[in-house]
Amino acid sequence: MFSKLKSDLPAGIVVFLVALPLCLGIALASGAPFFSGVISGIIGGVVIGSISNSQLSVSGPAAGLSALVLGAITSIGNFPLFLCAVLIAGILQILLGVFKLGGIAKFIPSGVITGLLTSIGIIIIAKQLPIAFGFKSLKELFGSFQNYNPIVLAICILSVLIILGWDKIKIKFIPGALIAVIIGVIINEILKAGFTSNALDANFLVSVPVAASAKEFLGFFTLPDYNGFTNSSIIIYGVVFAIIASVETLLSIEAIDNMDPEKRKTNTNRELIAQGIGNSVAGLIGGLPVTSVIVRSSANVNSGGKTKMSTIFHGLLLLVSVILIPTLLNKIPLSALAAILFLTGYKLAKPAVFKNMVSKGFQNYLPFFVTILFILAIDLFEVWKPISGKGLLIGVIAGIIAHYIIKGKKVEQSL
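Under the working numbering, read the sequence shown as residues -5 to 409, first letter to last.
No wet-lab data here; the hints were simulated from the structure.
The reader is advised that the hints may include incorrect statements.
[Unchecked claim] Cross-link-like lysine to any residue pairs, in silico, SDA-like; alpha carbons within 20 Å at most:
no.	residue 1	residue 2
1	K186	I168
2	K325	K133
3	K164	K341
4	K341	K325
5	K133	F375
6	K341	G159
7	K344	L155
8	K325	I67
9	K94	N261
10	K100	G298
11	K257	I102
12	K100	N197
13	K259	N296
14	K325	I145
15	K257	A193
16	K401	V352
17	K401	F101
18	K344	L367
19	K133	I67
20	K341	V352
21	K401	I102
22	K100	K(-2)
23	K341	G298
24	K257	N296
25	K(-2)	K257
26	K130	N47
27	K130	K325
28	K209	N192
29	K341	N324
30	K162	I319
Taking the hints into account, I'd like the entire structure generated from these sequences.
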(Lines of atoms letter the chains of each structure in order from A and count residues from 1; the text may use other names and numbers.)
(Lines give C-alpha, C1' and ligand atoms only; values in the text may rest on other atoms or scores of the structure.)
Protein backbone atom coordinates (compact mmCIF):
# COMPACT_ATOMS: atom_id res chain seq x y z
CA MET A 1 0.00 0.00 0.00
CA PHE A 2 2.93 2.36 0.68
CA SER A 3 4.88 1.38 -2.43
CA LYS A 4 3.05 3.87 -4.69
CA LEU A 5 3.24 6.97 -2.50
CA LYS A 6 4.85 9.02 -5.29
CA SER A 7 1.60 8.62 -7.24
CA ASP A 8 -0.86 8.39 -4.35
CA LEU A 9 0.07 11.54 -2.41
CA PRO A 10 -0.38 13.96 -5.37
CA ALA A 11 -3.62 12.17 -6.29
CA GLY A 12 -4.81 12.47 -2.68
CA ILE A 13 -4.21 16.23 -2.77
CA VAL A 14 -6.30 16.57 -5.94
CA VAL A 15 -9.12 14.46 -4.45
CA PHE A 16 -9.01 16.64 -1.32
CA LEU A 17 -9.35 19.80 -3.42
CA VAL A 18 -12.34 18.26 -5.23
CA ALA A 19 -13.88 16.86 -2.04
CA LEU A 20 -13.71 19.91 0.24
CA PRO A 21 -16.21 22.11 -1.63
CA LEU A 22 -18.38 19.06 -2.36
CA CYS A 23 -18.54 18.05 1.32
CA LEU A 24 -19.64 21.58 2.23
CA GLY A 25 -22.03 21.81 -0.71
CA ILE A 26 -23.71 18.47 -0.01
CA ALA A 27 -24.16 19.44 3.64
CA LEU A 28 -25.83 22.63 2.39
CA ALA A 29 -28.10 20.66 0.03
CA SER A 30 -28.93 18.25 2.85
CA GLY A 31 -29.99 20.94 5.32
CA ALA A 32 -27.32 19.64 7.71
CA PRO A 33 -24.49 21.37 9.63
CA PHE A 34 -21.48 22.03 7.38
CA PHE A 35 -19.28 20.26 9.91
CA SER A 36 -21.24 17.04 9.35
CA GLY A 37 -20.36 17.06 5.65
CA VAL A 38 -16.64 17.32 6.40
CA ILE A 39 -16.92 14.60 9.07
CA SER A 40 -18.34 12.24 6.45
CA GLY A 41 -15.58 13.14 4.02
CA ILE A 42 -13.01 12.24 6.68
CA ILE A 43 -14.78 8.97 7.47
CA GLY A 44 -15.09 8.10 3.77
CA GLY A 45 -11.38 8.64 3.29
CA VAL A 46 -9.81 7.27 6.45
CA VAL A 47 -12.26 4.68 7.82
CA ILE A 48 -13.78 3.23 4.64
CA GLY A 49 -10.55 3.69 2.71
CA SER A 50 -8.70 1.57 5.27
CA ILE A 51 -11.26 -1.28 5.29
CA SER A 52 -12.39 -1.48 1.64
CA ASN A 53 -10.38 -3.56 -0.79
CA SER A 54 -11.16 -1.14 -3.63
CA GLN A 55 -7.88 0.51 -4.54
CA LEU A 56 -9.32 3.55 -6.34
CA SER A 57 -12.83 4.21 -5.00
CA VAL A 58 -13.32 7.30 -2.83
CA SER A 59 -16.21 7.51 -0.37
CA GLY A 60 -17.88 10.48 1.24
CA PRO A 61 -21.18 12.35 1.53
CA ALA A 62 -23.10 11.85 -1.72
CA ALA A 63 -25.19 14.29 -3.73
CA GLY A 64 -27.39 11.31 -4.57
CA LEU A 65 -28.53 11.06 -0.95
CA SER A 66 -28.88 14.79 -0.24
CA ALA A 67 -32.58 14.95 -1.17
CA LEU A 68 -33.41 12.03 1.10
CA VAL A 69 -31.28 13.43 3.94
CA LEU A 70 -32.98 16.83 3.63
CA GLY A 71 -36.40 15.18 3.74
CA ALA A 72 -35.40 13.06 6.72
CA ILE A 73 -33.94 15.92 8.77
CA THR A 74 -36.96 18.10 7.99
CA SER A 75 -39.44 15.34 8.83
CA ILE A 76 -37.66 14.15 11.98
CA GLY A 77 -36.88 17.68 13.16
CA ASN A 78 -34.02 16.53 15.37
CA PHE A 79 -30.44 15.96 14.17
CA PRO A 80 -29.42 13.47 16.93
CA LEU A 81 -32.49 11.36 16.05
CA PHE A 82 -31.55 11.57 12.38
CA LEU A 83 -28.09 10.24 13.29
CA CYS A 84 -29.77 7.16 14.73
CA ALA A 85 -31.18 6.47 11.24
CA VAL A 86 -27.66 6.73 9.80
CA LEU A 87 -26.40 4.29 12.44
CA ILE A 88 -29.22 1.84 11.63
CA ALA A 89 -28.31 2.09 7.93
CA GLY A 90 -24.70 1.27 8.73
CA ILE A 91 -25.64 -1.79 10.76
CA LEU A 92 -27.92 -3.03 7.95
CA GLN A 93 -25.15 -2.56 5.37
CA ILE A 94 -22.78 -4.62 7.49
CA LEU A 95 -25.39 -7.39 7.60
CA LEU A 96 -25.87 -7.17 3.81
CA GLY A 97 -22.14 -7.71 3.38
CA VAL A 98 -21.93 -10.51 5.95
CA PHE A 99 -24.78 -12.38 4.23
CA LYS A 100 -23.08 -11.82 0.84
CA LEU A 101 -25.79 -9.69 -0.75
CA GLY A 102 -23.34 -7.51 -2.69
CA GLY A 103 -25.13 -8.29 -5.95
CA ILE A 104 -28.46 -6.66 -4.99
CA ALA A 105 -28.03 -3.78 -7.44
CA LYS A 106 -28.34 -6.21 -10.37
CA PHE A 107 -31.99 -6.87 -9.48
CA ILE A 108 -33.02 -3.21 -9.83
CA PRO A 109 -33.95 -2.27 -13.43
CA SER A 110 -31.65 0.27 -15.11
CA GLY A 111 -34.60 2.54 -15.89
CA VAL A 112 -35.44 2.78 -12.20
CA ILE A 113 -31.84 3.54 -11.21
CA THR A 114 -31.58 6.23 -13.91
CA GLY A 115 -34.93 7.67 -12.79
CA LEU A 116 -33.70 7.76 -9.21
CA LEU A 117 -30.52 9.66 -10.12
CA THR A 118 -32.39 12.01 -12.48
CA SER A 119 -34.99 12.95 -9.90
CA ILE A 120 -32.24 13.58 -7.36
CA GLY A 121 -30.61 15.95 -9.87
CA ILE A 122 -33.88 17.86 -10.31
CA ILE A 123 -34.38 18.13 -6.54
CA ILE A 124 -30.82 19.38 -6.02
CA ILE A 125 -31.32 22.13 -8.62
CA ALA A 126 -34.69 23.15 -7.17
CA LYS A 127 -33.37 23.32 -3.60
CA GLN A 128 -30.40 25.50 -4.62
CA LEU A 129 -32.46 28.06 -6.56
CA PRO A 130 -33.40 30.15 -3.48
CA ILE A 131 -29.80 30.07 -2.20
CA ALA A 132 -28.58 31.40 -5.57
CA PHE A 133 -30.81 34.46 -5.08
CA GLY A 134 -30.14 34.94 -1.37
CA PHE A 135 -33.27 33.28 0.04
CA LYS A 136 -33.74 30.27 2.33
CA SER A 137 -36.64 28.49 0.61
CA LEU A 138 -38.55 28.28 -2.67
CA LYS A 139 -41.60 29.76 -0.96
CA GLU A 140 -39.57 32.78 0.16
CA LEU A 141 -38.02 33.10 -3.32
CA PHE A 142 -41.35 33.21 -5.16
CA GLY A 143 -43.00 35.29 -2.45
CA SER A 144 -40.51 38.18 -2.48
CA PHE A 145 -38.41 37.75 -5.60
CA GLN A 146 -37.90 41.51 -5.99
CA ASN A 147 -35.84 41.47 -2.78
CA TYR A 148 -33.16 39.13 -4.13
CA ASN A 149 -29.49 39.84 -3.36
CA PRO A 150 -27.65 40.84 -6.58
CA ILE A 151 -24.19 40.09 -5.13
CA VAL A 152 -25.25 36.58 -4.14
CA LEU A 153 -26.67 35.95 -7.61
CA ALA A 154 -23.61 37.43 -9.34
CA ILE A 155 -21.24 35.16 -7.40
CA CYS A 156 -23.39 32.13 -8.27
CA ILE A 157 -23.51 32.93 -12.00
CA LEU A 158 -19.79 33.73 -12.09
CA SER A 159 -19.02 30.47 -10.29
CA VAL A 160 -21.02 28.46 -12.83
CA LEU A 161 -19.17 30.17 -15.71
CA ILE A 162 -15.79 29.59 -14.05
CA ILE A 163 -16.44 25.87 -13.53
CA LEU A 164 -17.69 25.39 -17.09
CA GLY A 165 -14.75 27.33 -18.52
CA TRP A 166 -12.23 25.55 -16.32
CA ASP A 167 -13.56 22.16 -17.40
CA LYS A 168 -12.78 23.08 -21.02
CA ILE A 169 -9.20 23.95 -20.08
CA LYS A 170 -8.92 20.46 -18.51
CA ILE A 171 -6.26 21.19 -15.90
CA LYS A 172 -6.40 17.97 -13.88
CA PHE A 173 -4.65 19.07 -10.72
CA ILE A 174 -6.80 22.10 -9.89
CA PRO A 175 -10.57 21.53 -9.95
CA GLY A 176 -12.80 24.27 -11.33
CA ALA A 177 -15.06 24.09 -8.27
CA LEU A 178 -12.15 25.11 -6.04
CA ILE A 179 -11.26 28.03 -8.33
CA ALA A 180 -14.89 29.20 -8.24
CA VAL A 181 -14.95 29.04 -4.44
CA ILE A 182 -11.65 30.94 -4.13
CA ILE A 183 -12.81 33.70 -6.50
CA GLY A 184 -16.12 33.95 -4.61
CA VAL A 185 -14.17 34.44 -1.37
CA ILE A 186 -11.89 37.06 -2.97
CA ILE A 187 -14.84 39.05 -4.35
CA ASN A 188 -16.53 39.23 -0.97
CA GLU A 189 -13.28 40.11 0.82
CA ILE A 190 -12.72 42.98 -1.65
CA LEU A 191 -16.24 44.23 -0.93
CA LYS A 192 -15.53 44.02 2.80
CA ALA A 193 -12.23 45.89 2.40
CA GLY A 194 -14.11 48.65 0.59
CA PHE A 195 -16.44 48.91 3.59
CA THR A 196 -19.42 48.57 1.30
CA SER A 197 -22.85 47.46 2.48
CA ASN A 198 -22.93 45.04 -0.47
CA ALA A 199 -20.48 42.66 1.24
CA LEU A 200 -22.08 39.36 2.25
CA ASP A 201 -22.57 38.81 5.97
CA ALA A 202 -22.53 35.52 7.89
CA ASN A 203 -26.08 34.66 6.74
CA PHE A 204 -24.76 34.10 3.20
CA LEU A 205 -21.52 32.30 4.11
CA VAL A 206 -20.45 28.83 5.24
CA SER A 207 -20.59 28.34 9.00
CA VAL A 208 -18.14 25.75 10.32
CA PRO A 209 -17.53 25.87 14.10
CA VAL A 210 -14.15 27.27 15.15
CA ALA A 211 -12.49 25.65 18.16
CA ALA A 212 -10.22 27.44 20.60
CA SER A 213 -8.89 24.17 22.03
CA ALA A 214 -8.77 20.42 21.37
CA LYS A 215 -11.44 19.88 24.02
CA GLU A 216 -13.75 22.39 22.34
CA PHE A 217 -13.14 20.76 18.94
CA LEU A 218 -14.21 17.37 20.29
CA GLY A 219 -17.38 19.04 21.57
CA PHE A 220 -18.41 19.82 17.99
CA PHE A 221 -19.20 16.16 17.31
CA THR A 222 -22.86 15.19 17.78
CA LEU A 223 -23.94 11.94 19.42
CA PRO A 224 -27.06 10.08 18.23
CA ASP A 225 -30.28 9.92 20.21
CA TYR A 226 -30.70 6.18 20.79
CA ASN A 227 -34.44 6.62 21.35
CA GLY A 228 -34.60 6.44 17.58
CA PHE A 229 -34.21 2.66 17.80
CA THR A 230 -37.79 2.50 19.10
CA ASN A 231 -39.19 5.01 16.60
CA SER A 232 -40.74 3.35 13.53
CA SER A 233 -40.19 6.42 11.33
CA ILE A 234 -36.46 6.51 12.20
CA ILE A 235 -36.14 2.78 11.49
CA ILE A 236 -37.81 3.24 8.08
CA TYR A 237 -35.39 6.03 7.22
CA GLY A 238 -32.50 3.78 8.28
CA VAL A 239 -33.72 1.04 5.92
CA VAL A 240 -34.12 3.56 3.08
CA PHE A 241 -30.62 4.96 3.65
CA ALA A 242 -29.17 1.43 3.66
CA ILE A 243 -30.86 0.46 0.39
CA ILE A 244 -30.15 3.66 -1.55
CA ALA A 245 -26.58 4.04 -0.24
CA SER A 246 -25.78 0.39 -1.02
CA VAL A 247 -27.13 0.63 -4.59
CA GLU A 248 -25.26 3.88 -5.23
CA THR A 249 -22.05 2.41 -3.83
CA LEU A 250 -22.27 -0.78 -5.88
CA LEU A 251 -22.94 1.16 -9.08
CA SER A 252 -20.01 3.47 -8.37
CA ILE A 253 -17.70 0.56 -7.55
CA GLU A 254 -18.58 -1.15 -10.84
CA ALA A 255 -17.84 2.05 -12.78
CA ILE A 256 -14.50 2.63 -11.03
CA ASP A 257 -13.40 -0.99 -11.48
CA ASN A 258 -14.00 -0.50 -15.21
CA MET A 259 -11.80 2.61 -15.13
CA ASP A 260 -8.95 0.90 -13.27
CA PRO A 261 -5.93 0.62 -15.61
CA GLU A 262 -4.88 -2.54 -13.73
CA LYS A 263 -8.41 -4.05 -14.05
CA ARG A 264 -8.63 -4.95 -10.35
CA LYS A 265 -12.01 -6.11 -9.09
CA THR A 266 -13.55 -5.05 -5.79
CA ASN A 267 -15.16 -7.58 -3.46
CA THR A 268 -18.67 -6.09 -3.25
CA ASN A 269 -19.56 -7.89 -0.01
CA ARG A 270 -16.49 -6.51 1.72
CA GLU A 271 -17.32 -3.09 0.26
CA LEU A 272 -20.78 -3.19 1.85
CA ILE A 273 -19.19 -4.09 5.20
CA ALA A 274 -16.72 -1.19 4.83
CA GLN A 275 -19.54 1.21 3.92
CA GLY A 276 -21.60 -0.11 6.83
CA ILE A 277 -18.79 0.51 9.29
CA GLY A 278 -18.31 3.98 7.80
CA ASN A 279 -21.98 4.86 8.15
CA SER A 280 -22.07 3.44 11.67
CA VAL A 281 -19.18 5.73 12.64
CA ALA A 282 -20.90 8.66 10.88
CA GLY A 283 -24.06 8.02 12.87
CA LEU A 284 -22.09 7.82 16.11
CA ILE A 285 -20.20 11.13 15.74
CA GLY A 286 -22.47 13.43 13.71
CA GLY A 287 -21.83 12.73 10.03
CA LEU A 288 -24.01 12.40 6.95
CA PRO A 289 -24.64 9.07 5.19
CA VAL A 290 -21.64 7.94 3.16
CA THR A 291 -21.35 6.13 -0.18
CA SER A 292 -18.71 5.47 -2.79
CA VAL A 293 -18.86 8.56 -5.02
CA ILE A 294 -18.07 8.66 -8.71
CA VAL A 295 -16.84 12.28 -9.01
CA ARG A 296 -14.12 11.98 -6.36
CA SER A 297 -13.25 8.45 -7.48
CA SER A 298 -12.86 9.61 -11.08
CA ALA A 299 -10.63 12.47 -9.93
CA ASN A 300 -8.51 9.89 -8.10
CA VAL A 301 -8.12 7.72 -11.21
CA ASN A 302 -7.44 10.67 -13.52
CA SER A 303 -4.84 12.08 -11.12
CA GLY A 304 -2.81 8.89 -11.15
CA GLY A 305 -3.87 7.28 -7.88
CA LYS A 306 -2.61 3.70 -7.60
CA THR A 307 -3.70 2.39 -4.19
CA LYS A 308 -6.13 3.29 -1.43
CA MET A 309 -3.46 5.44 0.22
CA SER A 310 -4.67 8.30 -1.98
CA THR A 311 -8.20 8.19 -0.55
CA ILE A 312 -6.87 7.79 3.01
CA PHE A 313 -4.57 10.78 2.49
CA HIS A 314 -7.43 12.94 1.18
CA GLY A 315 -9.40 12.09 4.33
CA LEU A 316 -6.49 13.14 6.54
CA LEU A 317 -6.22 16.43 4.63
CA LEU A 318 -9.93 17.08 5.25
CA LEU A 319 -9.32 16.52 8.97
CA VAL A 320 -6.39 18.93 8.96
CA SER A 321 -8.42 21.57 7.09
CA VAL A 322 -11.30 21.58 9.54
CA ILE A 323 -8.86 21.84 12.46
CA LEU A 324 -6.46 24.45 11.05
CA ILE A 325 -8.45 26.60 8.63
CA PRO A 326 -12.12 26.72 9.74
CA THR A 327 -12.02 30.53 9.72
CA LEU A 328 -11.01 30.45 6.05
CA LEU A 329 -13.79 27.97 5.25
CA ASN A 330 -16.28 30.36 6.83
CA LYS A 331 -15.47 32.95 4.16
CA ILE A 332 -16.95 30.78 1.39
CA PRO A 333 -20.21 32.21 -0.10
CA LEU A 334 -23.12 29.77 -0.05
CA SER A 335 -24.02 30.78 -3.60
CA ALA A 336 -20.62 29.52 -4.82
CA LEU A 337 -21.47 26.13 -3.35
CA ALA A 338 -24.94 26.38 -4.91
CA ALA A 339 -23.23 26.79 -8.30
CA ILE A 340 -21.32 23.54 -7.76
CA LEU A 341 -24.56 21.78 -6.86
CA PHE A 342 -26.41 23.25 -9.86
CA LEU A 343 -23.89 21.63 -12.18
CA THR A 344 -23.92 18.40 -10.17
CA GLY A 345 -27.70 18.27 -10.48
CA TYR A 346 -27.57 19.09 -14.19
CA LYS A 347 -25.20 16.20 -14.88
CA LEU A 348 -27.72 13.86 -13.29
CA ALA A 349 -30.79 15.31 -15.03
CA LYS A 350 -29.60 16.77 -18.34
CA PRO A 351 -31.93 16.47 -21.38
CA ALA A 352 -29.71 13.82 -22.96
CA VAL A 353 -30.66 11.43 -20.14
CA PHE A 354 -34.38 11.74 -21.00
CA LYS A 355 -33.68 11.38 -24.73
CA ASN A 356 -31.58 8.27 -24.15
CA MET A 357 -34.22 6.59 -21.96
CA VAL A 358 -37.02 7.27 -24.47
CA SER A 359 -34.89 5.79 -27.26
CA LYS A 360 -34.62 2.52 -25.27
CA GLY A 361 -38.34 1.83 -25.57
CA PHE A 362 -41.46 1.63 -23.42
CA GLN A 363 -40.15 -1.09 -21.10
CA ASN A 364 -37.30 1.19 -20.02
CA TYR A 365 -38.78 4.67 -20.11
CA LEU A 366 -42.06 3.93 -18.30
CA PRO A 367 -40.31 2.79 -15.05
CA PHE A 368 -37.94 5.75 -15.53
CA PHE A 369 -40.78 8.30 -15.64
CA VAL A 370 -42.83 6.55 -12.94
CA THR A 371 -39.83 6.68 -10.58
CA ILE A 372 -39.28 10.39 -11.27
CA LEU A 373 -42.99 11.20 -10.91
CA PHE A 374 -43.34 9.57 -7.49
CA ILE A 375 -40.09 10.97 -6.12
CA LEU A 376 -40.77 14.56 -7.21
CA ALA A 377 -44.42 14.42 -6.12
CA ILE A 378 -43.51 13.26 -2.63
CA ASP A 379 -40.14 14.89 -1.91
CA LEU A 380 -40.32 18.12 -3.92
CA PHE A 381 -43.98 19.05 -4.31
CA GLU A 382 -45.08 17.33 -1.07
CA VAL A 383 -48.29 15.99 -2.62
CA TRP A 384 -48.55 13.45 0.21
CA LYS A 385 -47.13 15.28 3.23
CA PRO A 386 -47.57 12.37 5.70
CA ILE A 387 -44.90 10.42 3.77
CA SER A 388 -42.75 13.38 2.72
CA GLY A 389 -39.06 12.49 2.76
CA LYS A 390 -39.67 8.87 1.73
CA GLY A 391 -40.19 9.63 -1.95
CA LEU A 392 -36.91 8.04 -3.03
CA LEU A 393 -37.87 4.64 -1.66
CA ILE A 394 -41.49 4.85 -2.85
CA GLY A 395 -40.36 6.03 -6.28
CA VAL A 396 -37.94 3.13 -6.63
CA ILE A 397 -40.61 0.63 -5.56
CA ALA A 398 -43.16 2.14 -7.98
CA GLY A 399 -40.63 2.00 -10.81
CA ILE A 400 -39.77 -1.63 -10.11
CA ILE A 401 -43.48 -2.56 -10.03
CA ALA A 402 -44.04 -0.78 -13.37
CA HIS A 403 -41.04 -2.59 -14.86
CA TYR A 404 -42.22 -6.04 -13.82
CA ILE A 405 -45.84 -5.38 -14.84
CA ILE A 406 -44.64 -4.56 -18.36
CA LYS A 407 -42.28 -7.53 -18.33
CA GLY A 408 -45.13 -9.82 -17.21
CA LYS A 409 -47.42 -8.59 -19.99
CA LYS A 410 -44.70 -9.22 -22.56
CA VAL A 411 -44.31 -12.78 -21.27
CA GLU A 412 -48.11 -13.32 -21.52
CA GLN A 413 -48.15 -12.01 -25.08
CA SER A 414 -45.35 -14.34 -26.11
CA LEU A 415 -47.19 -17.43 -24.82
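Evaluation of the provided hints:
no., hint, in the structure
1, K186 / I168, "27 Å, violated"
2, K325 / K133, "27 Å, violated"
3, K164 / K341, "17 Å, holds"
4, K341 / K325, "27 Å, violated"
5, K133 / F375, "11 Å, holds"
6, K341 / G159, "16 Å, holds"
7, K344 / L155, "17 Å, holds"
8, K325 / I67, "26 Å, violated"
9, K94 / N261, "10 Å, holds"
10, K100 / G298, "30 Å, violated"
11, K257 / I102, "25 Å, violated"
12, K100 / N197, "44 Å, violated"
13, K259 / N296, "18 Å, holds"
14, K325 / I145, "15 Å, holds"
15, K257 / A193, "51 Å, violated"
16, K401 / V352, "17 Å, holds"
17, K401 / F101, "14 Å, holds"
18, K344 / L367, "16 Å, holds"
19, K133 / I67, "19 Å, holds"
20, K341 / V352, "18 Å, holds"
21, K401 / I102, "13 Å, holds"
22, K100 / K(-2), "33 Å, violated"
23, K341 / G298, "24 Å, violated"
24, K257 / N296, "15 Å, holds"
25, K(-2) / K257, "17 Å, holds"
26, K130 / N47, "41 Å, violated"
27, K130 / K325, "19 Å, holds"
28, K209 / N192, "37 Å, violated"
29, K341 / N324, "27 Å, violated"
30, K162 / I319, "30 Å, violated"
Taken one by one, the earlier hints fail for this structure at numbers 1, 2, 4, 8, 10, 11, 12, 15, 22, 23, 26, 28, 29, 30, listed in ascending order.
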